[in-house]
Amino acid sequence: MMRKPGKISIFEIIADSSLTGAPRHLLTLISGINSHRFGITVIAPPGPLVEQLKKRKIPVFQVPMRGRADMVAVSAVTKLLKKYDPDVIHTHGQRAGLIGRMSSKGMPFKRVHTEHTYTHEFRLANPILHWTHLRIMRMLDSGTDKVIAVSNAVRKFLIDSHITKPGKVVTIYNGITPLSRKVSQEDVQKFKDKYKIVPDDVIIGTVGSFNQAKDTATLIRAVARMVKKWPKIKLVLVGKGPLKFKLETLVKKSGLEERVVFTGALDNVLPALKTFRIFVLPSLSEAFGITILEAMKAEVPVVATKVGGIPEIITQNHNGLLVEPKDSKQLAGVLMKLLNDRKLQTKLAHNGAATLPKFSADRMIDRTEEVYSGLFQ
1 MMRKPGKISI FEIIADSSLT GAPRHLLTLI SGINSHRFGI TVIAPPGPLV
51 EQLKKRKIPV FQVPMRGRAD MVAVSAVTKL LKKYDPDVIH THGQRAGLIG
101 RMSSKGMPFK RVHTEHTYTH EFRLANPILH WTHLRIMRML DSGTDKVIAV
151 SNAVRKFLID SHITKPGKVV TIYNGITPLS RKVSQEDVQK FKDKYKIVPD
201 DVIIGTVGSF NQAKDTATLI RAVARMVKKW PKIKLVLVGK GPLKFKLETL
251 VKKSGLEERV VFTGALDNVL PALKTFRIFV LPSLSEAFGI TILEAMKAEV
301 PVVATKVGGI PEIITQNHNG LLVEPKDSKQ LAGVLMKLLN DRKLQTKLAH
351 NGAATLPKFS ADRMIDRTEE VYSGLFQ
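First residue of the sequence shown: 1, per full-length UniProt numbering; consecutive thereafter.
Take these hints with a grain of salt, some might be off.
To be verified - Between beta-carbon pairs, the in silico distance windows are:
1) R135 - K196: 24 to 34 angstroms
2) G106 - L344: 50 to 60 angstroms
3) M336 - D85: 54 to 64 angstroms
4) E324 - K253: 19 to 29 angstroms
For the record, the hints were derived by calculation from the structure and aren't laboratory data.
We put the beta carbon where it would ideally sit given N, CA and C, even for glycine.
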């Protein structure tokens with residue numbers, strides 16, 4: 001395909017404007033991309049991501065995307081693409097993948113899609129909806145030039161499910177985000193004061209959306225099992241999501257009201273992470289697990305479930321501990337063993353920090369730039 005001379009013009013399309021997984025990945029990518037070679041514009045719904053993009057002076061069009069087949073959004077995106085005629089559109093996640101690729105049907109530019117969610121463990125609650133999604137993903141792939149998987153677990157799922165072909169999909173790991181800035185003792189103390197954390201408290205914590213896949217309930221049940229042996233234990237839950245009320249109910253039922261702190265979503269998670277003795281990711285499915293890298297950057301030992309892309313980051317007993325999903329008894333046992341072993345905590349934290357270069361933002365950005373350039377070779 002003949003391309004206009006000058007920069008490669010790319011429209012990044014995302015339907016989530018929070019600052020969790022995929023939006024943070026996108027922010028990392030476009031904050032570091034070579035602006036002499038690539039001209040980036042973003043289409044996203046209103047939200048914290050848009051505010052961050054504006055701060056960085058990255059052109060952004062705000063389009064609410066309320067559902068997977070939001071025809072108002074499709075129409076708005078189609079108009080933008082026709083008007084600005086980019087060289088590439090790059091969609092992120094399910095909803096944007098559908099809206100972006102429907103909007104660009106019949107248009108002459110290249111299409112890249114990043115899959116941030118689906119692995120063999122991921123399931124939508126409604127089996128018919130799940131089957132429909134996979135079918136749509138297969139159909140959309142025929143008009144897609146390149147697919148990026150955020151882990152080999154995602155890549156394997158896409159190939160095994162006949163959604164895409166091995167030659168079309170490439171694994172590019174998420175890179176640690178520029179939102180991870182240095183944290184001062186003052187920031188950490190402010191966090192402790194706000195949530196009444198005292199020096200004696202033993203903090204276990206997690207960061208993530210309160211949804212089915214993250215399975216925060218299993219972590220709450222594990223902490224309930226630990227209270228007798230660890231009377232000073234406190235659980236800090238950073239995030240928000242549709243299951244918050246259910247989780248609060250579980251906390252009350254378990255008699256843990258005094259021991260569980262809900263902080264809501266935080267722009268900067270480092271002050272929270274710096275209070276954790278152990279970081280836990282209890283997910284049922286996880287395409288990658290960028291919060292594990294955040295915990296490693298804060299030099300906090302990590303315990304996570306053996307699902308999706310997590311074993312691509314964590315090597316058992318080297319830079320973290322892996323447990324089976326949905327097993328609160330095993331999780332409680334592993335957490336207590338680790339709390340009793342300062343030497344192991346130090347080893348895991350040290351080796352975790354040493355893991356980060358493999359998952360650097362620079363590496364992710366370089367590999368993605370190669371994908372963009374390769375579309376025109």
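Hints and how they fare:
Distance hint for R135 and K196: a CB-CB separation of about 50 angstroms, inconsistent with the stated range 24 to 34 angstroms. Against the hinted window of 50 to 60 angstroms, the Cβ-Cβ separation of G106 and L344 comes to about 58 angstroms, which satisfies the hint. Checked against the hint of 54 to 64 angstroms, the pair M336 and D85 passes, with Cβ atoms roughly 59 angstroms apart. About 24 angstroms separates the C-beta atoms of E324 and K253, a value consistent with the hinted range of 19 to 29 angstroms.
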